[in-house]
Amino acid sequence: MAQDWSPDRHIDAMAPLLGLTVTEAQRPGVRRFLEVARSMAELIEGAAPPDTLDLAPVFVPISPKRPDDG
Amino acid sequence: MTGDPLAWDAGAVTIAASVAAGDVSASEVTLAVLARIDAVDPALNAFTDRTAERALAEADQIDAERARGGALGPLAGVPFAVKNLFDIEGLATRAGSALNRSRPPATADGLLVRKLRAAGAVLTGALNMGEYAYDFTGENAHDGVCRNPIEPDHMAGGSSSGSGAATAAGLAPISLGSDTNGSIRVPASFCGIFGLKPTYGRLGRSGTFPFCDSLDHLGPFARSVRDLALAYDALQGPDPADHACANRPPEPTAHSLDQGIAGLRIAVAGGWFQRRLTEPARAAVTRIAEALGAGAIVDLDDAEIARAAAFLITNAESAALHLDRLRASADAFDPDTRDRFFAGAMLPAAWLVDAQRARRAWAERLARLFREIDILIAPATPGPAPAIGQATMVLDGVEMSTRPNIGLFTQPISCAGLPVACVPAALPGALPIGVQLVAAPWREDLCLRAARHLEQVGVSQPATPHPSLGLA
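Same order as they appear, the protein sequences are chains A and B.
Residue 95 in the working numbering is what sits at position 50 of the first sequence, and the numbering runs on without skipping anything.
Residue 136 in the working numbering is what sits at position 112 of the second sequence, and the numbering runs on without skipping anything.
It is worth saying that the hints were derived from the structure and are not from the lab.
Note that the Cβ used here is the ideal one computed from N, Cα and C, for glycine as well.
Be aware that a few hints might be false.
Unchecked claim - To give an idea of the interface, some chain A residues facing chain B are shown, with a C-beta separation under 7 Å as derived from the structure:
1. Gly74
2. Val75
3. Ile89
4. Asp99
Said to hold, decoys possible - Label-pair restraints from in silico Cβ distances:
5. B:Gly287 with A:Phe104: 33 to 43 Å
6. A:Phe104 with B:Pro274: 20 to 30 Å
7. B:Asp62 with A:Asp57: 50 to 60 Å
The task is simple: from the sequences and hints, build the whole structure.
Dropping the structure here:
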């Protein structure tokens, strides 16, 4: 993980991209939760075998048939 | 529990049997419960909406049906209430928020409300919860704190706080909650009652306000295992409107509760699940393990990764759900919830993909474990309910934030979508604390059989409400 990551710079970049306004009063809380999320991401990094992409959710194509169609 | 259907602790089985036998009318039971809610709920703040008029009309219908000699459902005359993220016809589904109060009233009851009604149960109201279900404490900035009926200065737990409190205090023999990372199991643990989080995809979620699609489960609370099973059986069945519902045919559990635990392979969760426990939590697990004759301890240190995965999935999905509300009305949120959502909206996509990879790996790990065992015993909460407003707690000598760490042991289990019965496990007179009984997917019957055994041998009994409530 990046060693020079700044939650404030992250907020500065992402908030406008998402159309969000994070006030100065709100910033400390958002910063704290971003740091928690980062610590969670560090825990799972590398947990899965390399060069695999087995995701928990599986998309099931949706049939046009209704349940009561013959 | 009492055999008197009008007593504060009358269970669903007693009430339904008494109504069916004509010993008491559904109207009498409903009036008694409504009066009890009026008397007791001001001290607890479990209810956000009361549907008294509707409840009495429903009770009248039950009584009229009985007078005609018609067939009554298995929950005929049993009062129930639901977390306020369930749609109730005519009410705005507030989901613990201020913003949702301006939504148009629901045009129909949610599916599980309809199922309990079809079984003859009588709806008395909607229950307090953590804002948008992102909470383990029961402290709601808009609707006020929901208090623990056993020790009212302590948390009821969340996010299904009102459900846990109402059922523990005899205000709702059956209540419904939701559980994404622990929101049924935490209130069950803190309030000293039984709670069931079924397998992910077992119960249909249509007609509820969502939190995290990948992890949302719905389930019942009760003060006895038989009541829990009766409610759970009535809730089962397909839900074409919920894309995640497995649409399995009902697999009733009430008839097999007394089969006992002979032949069941029962183990205790170790590693992650044996650290950061207070002494009451550790003793509760030991008590349950001894009563079930548990064998091995299974090292599950990778549960920490599962918890992290569930955290990121929850944070991102729920934030996406609320993005428009965050743009337009950020100040209308509870600041704690709002800031979680802000952060969740900004998470890198790669973290989410990694979280879903980790989730699958963990589910496969547990599937391999459940080839060797039938029931896994794990703590539900690190300790009994903290005091209301308690911001930090000390676990293993380390001070940490209370709110996110209440779910240390529930979050990894729901990450894998496994069924869990949370059973009360405290000594009489002590603050309540629960223990999780976990089974393989679709084996809610085994969770409930083990819970019933603990109840029969006297190890799992619902807690007694505080004397100040004037109940016991």
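Right, here's what the structure says about each hint:
1. The restraint placing Gly74 (chain A) at the interface with chain B holds, with a minimum CB-CB distance near 3 Å, inside the 7 Å limit.
2. Hint status for Val75 (chain A) relative to chain B: holds, with the closest Cβ pair at about 4 Å, below 7 Å.
3. Here the hint on Ile89 (chain A) is kept, as its CB sits about 4 Å from the closest CB of chain B, short of 7 Å.
4. Because the beta carbon of Asp99 (chain A) sits about 5 Å from the nearest beta carbon in chain B, less than 7 Å, this interface hint is met.
5. At about 39 Å, the beta-carbon gap between Gly287 (chain B) and Phe104 (chain A) stays in the expected band of 33 to 43 Å.
6. Between Phe104 (chain A) and Pro274 (chain B) the CB atoms are about 27 Å apart, so this pair conforms to the stated range of 20 to 30 Å.
7. Range check, Asp62 (chain B) to Asp57 (chain A): Cβ separation about 52 Å, and the 50 to 60 Å hint holds.
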